[in-house]
Amino acid sequence: MANHALMANAIRALAMDAVQQANSGHPGAPMGMADMAVALWGDHLRYNPANPHWFDRDRFVLSNGHASMLLYSVLHLTGYDLPIGELKNFRQLHSKTAGHPEVDVTPGVETTTGPLGQGITNAVGFALAEKLLSAEFNRKDHTVVDHHTYAFLGDGCMMEGISHEACALAGAWHLNKLIALYDDNGISIDGQVKPWYIDNVAERFHAYGWHVIGPIDGNDAAEVSKAIAKAKLSTDKPTLINCKTVIGKGSPNRAGTAKAHGEALGAEEIKLTRDAIDWHYPPFEIPAEVYADWDHKEAGANIEAEWNAKFAAYAAAYPELAAEFTRRMKGELPKDFHQVAFDTVVAAHTKAETVASRKASQLALEAFTAALPEMLGGSADLTGSNLTNTKSTAALRFDAKTGAVVMNVPAVEGKQGAEDEAKSEAPAETPHGTIGRHINYGVREFGMAAIMNGVALHGGYIPYGGTFLTFSDYSRNAIRMAALMKRRVIHVFTHDSIGLGEDGPTHQSIEHAASLRLIPNLDVWRPSDTAETAVAWAVALQNQSRPTALLLSRQNIAYSPKSELGDISRGAYVLSEPENVGLKNKKTAAVIIATGSEVPLALAAQKLLAEKKIAVRVVSMPSTTTFDRQDLAYKKAVLPKKLPRIAVEMGCTGGWWKYGCAAVVGIDTYGESAPAPVLFKHFGFTAENVAATVEAVLRD
Numbered sequence: 005m006a007n008h009a010l011m012a013n014a015i016r017a018l019a020m021d022a023v024q025q026a027n028s029g030h031p032g033a034p035m036g037m038a039d040m041a042v043a044l045w046g047d048h049l050r051y052n053p054a055n056p057h058w059f060d061r062d063r064f065v066l067s068n069g070h071a072s073m074l075l076y077s078v079l080h081l082t083g084y085d086l087p088i089g090e091l092k093n094f095r096q097l098h099s100k101t102a103g104h105p106e107v108d109v110t111p112g113v114e115t116t117t118g119p120l121g122q123g124i125t126n127a128v129g130f131a132l133a134e135k136l137l138s139a140e141f142n143r144k145d146h147t148v149v150d151h152h153t154y155a156f157l158g159d160g161c162m163m164e165g166i167s168h169e170a171c172a173l174a175g176a177w178h179l180n181k182l183i184a185l186y187d188d189n190g191i192s193i194d195g196q197v198k199p200w201y202i203d204n205v206a207e208r209f210h211a212y213g214w215h216v217i218g219p220i221d222g223n224d225a226a227e228v229s230k231a232i233a234k235a236k237l238s239t240d241k242p243t244l245i246n247c248k249t250v251i252g253k254g255s256p257n258r259a260g261t262a263k264a265h266g267e268a269l270g271a272e273e274i275k276l277t278r279d280a281i282d283w284h285y286p287p288f289e290i291p292a293e294v295y296a297d298w299d300h301k302e303a304g305a306n307i308e309a310e311w312n313a314k315f316a317a318y319a320a321a322y323p324e325l326a327a328e329f330t331r332r333m334k335g336e337l338p339k340d341f342h343q344v345a346f347d348t349v350v351a352a353h354t355k356a357e358t359v360a361s362r363k364a365s366q367l368a369l370e371a372f373t374a375a376l377p378e379m380l381g382g383s384a385d386l387t388g389s390n391l392t393n394t395k396s397t398a399a400l401r402f403d404a405k406t407g408a409v410v411m412n413v414p415a416v417e418g419k420q421g422a423e424d425e426a427k428s429e430a431p432a433e434t435p436h437g438t439i440g441r442h443i444n445y446g447v448r449e450f451g452m453a454a455i456m457n458g459v460a461l462h463g464g465y466i467p468y469g470g471t472f473l474t475f476s477d478y479s480r481n482a483i484r485m486a487a488l489m490k491r492r493v494i495h496v497f498t499h500d501s502i503g504l505g506e507d508g509p510t511h512q513s514i515e516h517a518a519s520l521r522l523i524p525n526l527d528v529w530r531p532s533d534t535a536e537t538a539v540a541w542a543v544a545l546q547n548q549s550r551p552t553a554l555l556l557s558r559q560n561i562a563y564s565p566k567s568e569l570g571d572i573s574r575g576a577y578v579l580s581e582p583e584n585v586g587l588k589n590k591k592t593a594a595v596i597i598a599t600g601s602e603v604p605l606a607l608a609a610q611k612l613l614a615e616k617k618i619a620v621r622v623v624s625m626p627s628t629t630t631f632d633r634q635d636l637a638y639k640k641a642v643l644p645k646k647l648p649r650i651a652v653e654m655g656c657t658g659g660w661w662k663y664g665c666a667a668v669v670g671i672d673t674y675g676e677s678a679p680a681p682v683l684f685k686h687f688g689f690t691a692e693n694v695a696a697t698v699e700a701v702l703r704d
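In this note's numbering, the protein residues as written are 5 to 704.
Keep in mind that the hints were calculated from the coordinates and are not lab data. Treat the hints loosely; a few may be bogus.
Said to hold, decoys possible - Derived Cβ-Cβ restraints for the label pairs, each shown as a range: (1) Asp203 to Asn312: 42 to 48 Å; (2) Ala399 to Lys314: 29 to 35 Å; (3) Lys355 to Lys314: 46 to 52 Å; (4) Asn525 to Asn27: 29 to 35 Å; (5) Ser567 to Ser677: 39 to 45 Å; (6) Gly388 to Ile202: 38 to 44 Å; (7) Ala316 to Pro87: 32 to 38 Å; (8) Pro679 to Ala637: 29 to 35 Å; (9) Asp635 to Glu692: 32 to 38 Å; (10) Lys236 to Asn312: 18 to 24 Å; (11) Ala9 to Asn312: 32 to 38 Å; (12) Ile202 to Ala296: 40 to 46 Å; (13) Asp635 to Ala296: 51 to 57 Å.
A quick note: this is a predicted structure, and the numbers were derived from the prediction, not measured. Just so you know, even glycine gets a beta-carbon here, dropped at the ideal spot from N, CA and C.
Produce the entire structure from the sequences given, and follow the hints as far as they go.
Here it is in structure tokens:
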């Protein structure tokens with residue numbers, strides 16, 4: 005019989021020892037939540053330490069990521085490849101035990117947490133993906149997608165507004181396999197939270213449409229285990245379990261105080277704590293019987309083996325479905341993707357339509373969403389403006405009574421047989437149909453972004469979502485987290501400049517493109533026409549290890565004639581040479597670099613300059629981030645070293661100087677409220693001003 009007290013005290017000891025050795029960290033939360041971990045990991049969680057990535061495992065998210073030593077302790081004790089030496093190296097360079105949990109660094113960590121509120125929001129994404137995959141792939145007598153998502157969260161996560169956005173959606177989506185355990189210890193860094201946190205959490209979550217259990221004694225593993233068992237019975241709602249705990253439990257002088265939160269207990273207090281919890285072992289030493297109680301290797305192998313047998317039977321009954329499921333969970337694109345992408349780009353080039361790049365995006369999406377059933381789109385209440393929906397992506401809906409995913413079952417086609425004709429046998433089960441693949445997130449930009457991160461982390465879908473570019477500020481930290489975690493998440497940001505017109509400076513993006521380009525590992529595309537937009541989408545879909553931001557216009561953009569399409573995917577390419585405007589033998593004097601809606605402006609300026617026998621090259625640079633990764637030879641070929649460069653973009657000029665520009669036609673103030681053509685003239689975005697800027701550079 006497992007000794008729950010000893011199991012919990014092992015976590016407490018490892019947490020205080022690791023933080024003390026690092027002289028940095030948060031011992032209080034792991035010590036307070038130790039019994040919660042015993043209940044969940046010991047009695048309920050389905051996992052296999054030997055294979056952290058087997059598909060139908062339960063997902064666990066430590067939303068209050070500062071409590072990382074709780075997770076590291078449990079991963080070590082249960083048998084993951086996390087030896088005691090890694091716990092001794094807590095918070096040290098290149099260890100697997102960073103200050104906050106990081107996915108793909110520590111085996112068993114499902115998502116990178118630390119920015120409070122985002123972990124529980126990722127968990128909503130995990131649970132959504134599970135529910136949608138089960139609706140798509142499970143069949144009668146063949147259930148291959150059936151797991152829960154668990155999250156621990158604390159007061160900080162509750163206070164962050166993103167938790168409101170995400171938990172409200174979890175209720176609306178009836179995510180019954182989402183179970184959140186709230187570490188209600190009443191303490192944050194500044195002390196007792198009562199002066200600044202008086203939410204009635206139970207009523208709040210009831211209002212979201214959740215089941216609420218508790219308050220219960222979170223320091224009683226048996227009581228927590230019973231609550232989890234009850235939560236797993238839910239068929240229509242997510243569940244919040246309110247666990248009353250004592251931060252730093254076991255510490256005679258620090259328990260229940262803010263002093264236990266974010267600093268080492270100190271050698272003397274650790275000695276007193278060991279005596280108080282009857283733990284008489286040296287630092288980082290765990291007795292064999294405690295390891296035995298925690299060990300989950302054999303049980304985990306059996307659980308996975310059972311699922312493997314289920315999947316083998318499923319594959320025998322539905323080989324095509326099983327192959328599709330496997331492909332999608334690997335994150336691989338269909339074998340014909342390159343042909344689909346090629347055809348989409350060529351079609352855009354052939355039609356050469358003058359449309360807004362947001363519309364060009366929708367045209368590309370029509371092709372890609374039809375070919376890729378894993379694309380899961382959405383918009384933060386701006387579908388008609390972002391144009392993120394397509395003929396293949398019906399609205400995602402859930403049955404109000406049962407909570408089930410509403411399926412769009414296709415009509416049965418075929419001619420009606422005569423009375424004397426043999427009747428075909430009835431199908432073994434009703435045709436399964438398809439799920440809706442466009443999500444109405446409501447006005448929840450931050451929540452949308454972090455939920456998409458959770459969906460991408462879970463696997464099976466490629467999430468994309470839209471809002472206005474100026475509202476990327478709301479989403480920014482979740483975008484950063486996707487880049488840090490190297491996950492394929494696609495952000496569709498429309499209304500990308502002063503070109504949106506009368507809505508004025510609150511909605512006109514000035515600094516946003518430059519700001520997003522500063523995020524490491526984020527690809528940023530600002531395409532100028534239908535072909536560039538189709539290429540941007542194709543590249544984004546192939547980016548398995550980085551997120552993408554697509555910056556798209558509200559106003560129409562004329563198609564820019566091209567001699568070839570192959571170099572667009574390199575982020576920048578030579579669009580027009582002097583010979584294209586009648587200066588065949590004239591030596592090139594300068595290069596105009598432009599992005600997005602300013603590319604036609606650069607071409608118009610090139611023509612004006614040609615009339616004065618001034619030869620310039622026009623380079624379209626839809627993605628500075630992609631261009632920056634190209635080899636030096638290509639960069640020099642596009643931007644010859646000795647030619648002066650003039651950049652043109654409706655945004656902050658700062659980011660352009662790194663390309664050695666002699667001048668930038670941009671905006672370093674906020675916009676104005678007026679019709680777009682009036683603003684273009686007011687801020688100098690005219691062919692005449694661009695041409696005059698080039699001439700001024702050449703004179704100097």
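> Against which earlier hints does the structure fall short, listed by number upward?
Replying inline: 8
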